[in-house]
Structure formats: structure tokens, C-alpha cells
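First to last, the protein sequences are chains A and B.
Per our numbering, the first sequence starts with residue 24, numbered consecutively.
Per our numbering, the second sequence starts with residue 17, numbered consecutively.
It is possible that part of the hints are untrue.
Taking CB as the label site, the calculated pair distances span [to be verified]:
#1 B:Q122 with A:D90: 26 to 34 angstroms
#2 B:T102 with A:P63: 14 to 22 angstroms
#3 A:D90 with B:G32: 46 to 54 angstroms
#4 A:I31 with B:M104: 37 to 45 angstroms
In silico lysine-lysine, BS3-like type, Cα no more than 25 angstroms apart, as pairs [to be verified]:
#5 B:K34 with A:K92
#6 B:K87 with B:K73
#7 B:K19 with A:K75
#8 B:K87 with B:K34
#9 B:K29 with A:K122
#10 B:K69 with B:K86
#11 B:K73 with B:K34
#12 B:K86 with B:K73
#13 A:K26 with A:K92
#14 B:K86 with B:K71
#15 A:K122 with A:K26
#16 B:K87 with B:K69
#17 B:K34 with B:K69
#18 A:K122 with B:K69
#19 B:K71 with B:K34
#20 B:K73 with A:K26
#21 A:K26 with B:K69
#22 A:K77 with A:K92
#23 B:K71 with A:K26
#24 A:K122 with B:K73
#25 B:K19 with B:K71
It is worth saying that the hints were derived from the structure and are not from the lab.
Keep in mind it's a predicted model, so treat the numbers as computed, not measured.
Just so it is clear, CB atoms sit at the ideal spot from N, CA and C, and this is done for glycine as well.
Each chain, letter by letter, is given below.
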Amino acid sequence: LAKTTQPISMDSYEGQEVNITCSHNNIATNDYITWYQQFPSQGPRFIIQGYKTKVTNEVASLFIPADRKSSTLSLPRVSLSDTAVYYCLVVPRSGTASKLTFGTGTRLQVTL
Amino acid sequence: DVKVTQSSRYLVKRTGEKVFLECVQDMDHENMFWYRQDPGLGLRLIYFSYDVKMKEKGDIPEGYSVSREKKERFSLILESASTNQTSMYLCASSPLAGVTEAFFGQGTRLTVV
Numbered sequence: 024l025a026k027t028t029q030p031i032s033m034d035s036y037e038g039q040e041v042n043i044t045c046s047h048n049n050i051a052t053n054d055y056i057t058w059y060q061q062f063p064s065q066g067p068r069f070i071i072q073g074y075k076t077k078v079t080n081e082v083a084s085l086f087i088p089a090d091r092k093s094s095t096l097s098l099p100r101v102s103l104s105d106t107a108v109y110y111c112l113v114v115p116r117s118g119t120a121s122k123l124t125f126g127t128g129t130r131l132q133v134t135l
Numbered sequence: 017d018v019k020v021t022q023s024s025r026y027l028v029k030r031t032g033e034k035v036f037l038e039c040v041q042d043m044d045h046e047n048m049f050w051y052r053q054d055p056g057l058g059l060r061l062i063y064f065s066y067d068v069k070m071k072e073k074g075d076i077p078e079g080y081s082v083s084r085e086k087k088e089r090f091s092l093i094l095e096s097a098s099t100n101q102t103s104m105y106l107c108a109s110s111p112l113a114g115v116t117e118a119f120f121g122q123g124t125r126l127t128v129v
């Protein structure tokens, strides 16, 4: 499984755009990039997933360059409620069951 | 709504006790996972299972075992609880195919005294 590296923590003010970059140099051809969000005292929840280029949903956007060795989670105009830990995972596309390895994530603190 | 239910939100056990943490999912998912979460260490995978009676070790299986007798239920067992197993335990489930989201339970905060 490809190892991921992301910043330990980030700070932002409310209303700003936040970009969290994840490095996954050893990503395999059939791997997808997946991001989860975890609020205090809750289990993580899936927010977005992509294979290449750009994916957008109601929560976030995910940018993946052509070489796929990194990805950037973009949160537009964050609010206090976006304070959470964000995890980047690399997941095989299909077939064999795979363990989901979360790591330490990026702790985002949003303030007024 | 997908639901992953962990049997207890908080649990206090004594050192040396045998502890069972239960997890039930209602979405007919093949994969189930047990993690522990400690400050500064993120989520660490203990065991996962991709089918009934099948199990695979995660990154930190020592001191734990698991049981999956039915598809919807995945149990984590601490054979002889120790204080260093005090932690938040999280269960998750997902369909077999890798590129699908995993759903988590609310967690069990276990304290071993």
C-alpha cells in the first residue's frame, strides 16, 4: 500500500479557502485517493475520492495532478464547523480486500 | 442510512479481565475493521475481516483477537486487558470493492484500571 504524508496541523480563519496537500509517491496504477474527515468524539466520515484531475462535491474539491504522486483537498470558505482532522488514504480500486490505513491526519483549526 | 453500531460508548474494565467489544453493521458489508485511536498516533488498524470467519492482522494486532461468526457482527477481544490498552476503539465496515467509502461507528472509549 502506498504511504501517505500530510501536514500534522493547519490553522485558518473563517471564510478562507484551505488546501491540504497529501504526498503519495508510491501510488499504484489501480489506486484511488480518498479523504476522510473526523470531528472530535466521532468516527471518521468519507468526504471525497478521486483517481485523476479534479473531483468536486458539496463538501470539497480534490485536485490530482497527472503524475498522481500528490493530491490536494480544497475546502472553500471554511467555517468553525470545519475544524476537524482530515485523513488522506490511498485505496486499491477493486478486487482484493484491503486494509484501510489512516495515519495521523491533518488537524485543521478554524478560528474567527 | 448505513449504521455501524458499537455496543458500548464507554467501558471501564480491570487489568487482566477479558473484554469483548462488539460491532454490528446493517448494510451487508463484506469488510469490517477495528481501529484504536490515541492522541498523536492517529487511527491504527488492529484487525480487519473480509468475510465470515476470515480475519487479517492489521498494524498492531498484539494483545487482541477478533471473531466474525456472522457477516454483520465483528467482535474485538482483549484476552487479558492491560492499562496500555486504554484507548478509543473504532469499528468500521465497507463493501468488498476497495473504492467505496467505509462507515464508522461512534467509538468505544475503553479505560483499563
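Checklist entry - Checking against the hints above, which ones are violated? => result 1, 4, 5, 7, 9, 21
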